[in-house]
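Chain B: place on chain A using the hints.
Same order as they appear, the protein sequences are chains A and B. Read in order, the letters of the first sequence correspond to residues 1 to 272 in my numbering. Read in order, the letters of the second sequence correspond to residues 1001 to 1405 in my numbering.
The hints are simulated quantities; they were obtained by calculation from the structure and are not laboratory data. Keep in mind that the hints are not guaranteed to be accurate.
[What the hints assert, rightly or not] Straight-line Cα separation of at most 35 angstroms, DSBU-like style, residue types lysine-lysine; simulated pairs: (1) B/1224 - B/1046; (2) A/12 - A/73; (3) B/1110 - A/144; (4) B/1046 - B/1161; (5) A/73 - B/1046; (6) A/144 - A/12.
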Amino acid sequence: MSRIGTKFAALKAEGRGALVTYLQAFDPDRETSLGIIRGLPGAGADLIEVGVPFTDPMADGPAIQRAAQRALKVGATLPGVLALVREFRAGDDATPIILMGYYNPILAYGVDRFCVDAAAAGVDGLIVVDVPPEEADEIEPQAKAAGLDLIRLVAPTTDEARLPRVLAATSGFVYYVSITGITGTRSATAASLEEAIPRIRRHTDLPIAIGFGIRTPQQAGEAARLADGAVVGTALVDTLAASLDEEGRARPETAGLVLEQVRALAAAVRGT
Amino acid sequence: MNKPLPNTYRQGPDSRGRFGPFGGRFVAETLMPLILEVEQAYEAAKRDPAFDAEWRRLLTHYVGRPSPLWFAERLTAHLGGAKVYFKRDELNHTGAHKINAVLGQILLAKRMGKTRIIAETGAGQHGVATATACALFDLPCTVFMGATDVERQQPNVFRMKLLGAEVMPVTSGAATLKDAMNEALRHWVANVQDTYYCIGTVAGPHPYPVMVRDFQSVIGEEAKQQMLAAEGRLPDALVAAIGGGSNAMGLFYPFLDDPEVAMYGVEAAGRGVETEEHAASLTKGRPGVLHGNRTYLLQDADGQITEAHSISAGLDYPGVGPEHSWLHELGRVNYVSATDDEALAAFQLCSKLEGIIPALEPSHALAHVIRMAPTLPRENIVLMNLCGRGDKDIFTVARHLGVEM
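Bound-form chain A, shown alone (with noise of 0.2 angstroms):
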């Protein structure tokens, strides 16, 4: 089993939901970024979705496209985002990682290689945010011949009869946007919540994580226990962004402040 559907399978067991975190690779710089990634699963993150900068980021909101120009601008690449995880890799076998990103760099690596080379790395799911089903033979065979889990978005516009193409075209776990909106800009209702995750259940049994809009241990902690995971993006990143100096450059307290959140975030996971 793939160590997305191993980590799941074992919270099951443990009768709690995940803890997904998500940040800028190289924001807000390679060490910085390194050392927070290397210290989330200590802080308490149970799989790690990495995300590839790219200059237009379609479905972001303002703190993410102003992470993602914080990384470019200190030269991030996707092989340097591969060499990172790869880093990552050598000090932790358990801890599922996934790349979010969009297509284009992907495009220009050559989906073939960057499929081998990102297994090679240590990823192990991919989020690649333009490439609906309908796009899907552009990277699925590869992906699977890889032995990387494709990670489709599922949106409260996916209707009863689109849900299961999407669905069919999911591995790993699915990824349900709560809001109609882009990251980091409101939250969706506990109501529509407990409409929506029912309904997607009843077309699939992969694990379900709910992304877009979590930003408090109390909003993590309820979107876990009602669905298998609960993705928080923004709120790291916000933070992340707010302890940084006149010139955009890490302070020494950095990685520190954005795990404290994290330890918070997991606290609320798993009920403690």
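Then chain B, alone, in the frame of chain A:
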């Protein structure tokens, strides 16, 4: 022959919205159901004679179509070669070709029951056209415009506001057309229930490239009839400026299967295609995926999109419509470029010789006509799409010429 050539260039796109390998639907899941809804609605509207009749009524009585075909006699004499004709789409209501596709799309939005409209704009022509149609149909309208473009296209910003539209300056990235499109897509994702996104060019996810092309093809269909009436034959060459490429696609499409008609799409070379500052995605870019479609893009080795540059805000875009990418690879259309300086010279020449102040966008097309016409025999005919008028550009041009206004 290694690769069989298609027996028609007018068959695209396929059911996935592909022109050869280009186009497609590369959008986030949240938008996907809506894109499919737009496609279904457009397919139904296309088959509805009442829809076509209403659109054509508006084109005739509101826009002022057909736009004239003008033999530019003084320019022809000055260049001393091929006869130069202008398709005068700058005479349309709102001063550019954009209104053709906007009216079609607004009628579609109403059919779909959408109650508000968003649009992106570069030069402001598409924004003005959209704001105009929204005033006519009493629909609230929000136009996303790069902050840099807001600065250099003040007259159009004021026009949009007069027409009742809300103009949202976009400050992300280089704050130009690409960023305005990103922001419009983000806004659409957050407002999918009641909002229609009226895209201004033949780019974006399927069905936008084909839909905008179909509406803009009215330009080429008219031009074909008018040319036959004026000269008894088709032109030897068509010339049009390319940003996203909607005016060019509209002129070219009805002629694609007429092998005797050569075609030239003119990209903005900015300060020169050998510099970093241009917008020539077909000349200098390579295929990639942005804004919902696969097409030629200006990008670095890592697939990051690079900023375009052009004196013309309407051409300042690092991509191009996917059908152009396909026609480029097939070799059916020749894609060339013209610099800021060449466009400025053409802008002034046209004003003085023909009494027509062209927009900076078609000034790029004219720059190529100025290069090409003298090399052709006098019995040749070159037809250029004069797709916009230059009133909006006089401040920019004055600044470049060092004139205080």
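A quick look at each hint next to the structure:
1. Of the pairs offered as hints, the one joining residue 1224 of chain B and residue 1046 of chain B holds, with about 22 angstroms between alpha carbons and a cut-off of 35 angstroms not exceeded.
2. Taking the CA atoms of residue 12 of chain A and residue 73 of chain A, the gap is about 41 angstroms. The hint is violated against a cut of 35 angstroms.
3. For the hint pairing residue 1110 of chain B with residue 144 of chain A, the CA-to-CA distance comes to about 43 angstroms; that exceeds 35 angstroms, so the pair is violated.
4. Straight-line distance between C-alpha atoms of residue 1046 of chain B and residue 1161 of chain B comes to about 32 angstroms, which keeps the hinted pair within the 35 angstroms bound.
5. Taking the CA atoms of residue 73 of chain A and residue 1046 of chain B, the gap is near 47 angstroms; set against the 35 angstroms cutoff, the hint is violated.
6. The hinted pair formed by residue 144 of chain A and residue 12 of chain A meets the criterion: a straight-line CA distance of about 25 angstroms does not exceed 35 angstroms.
Going through the hint list in order, the structure does not satisfy hints 2, 3 and 5.
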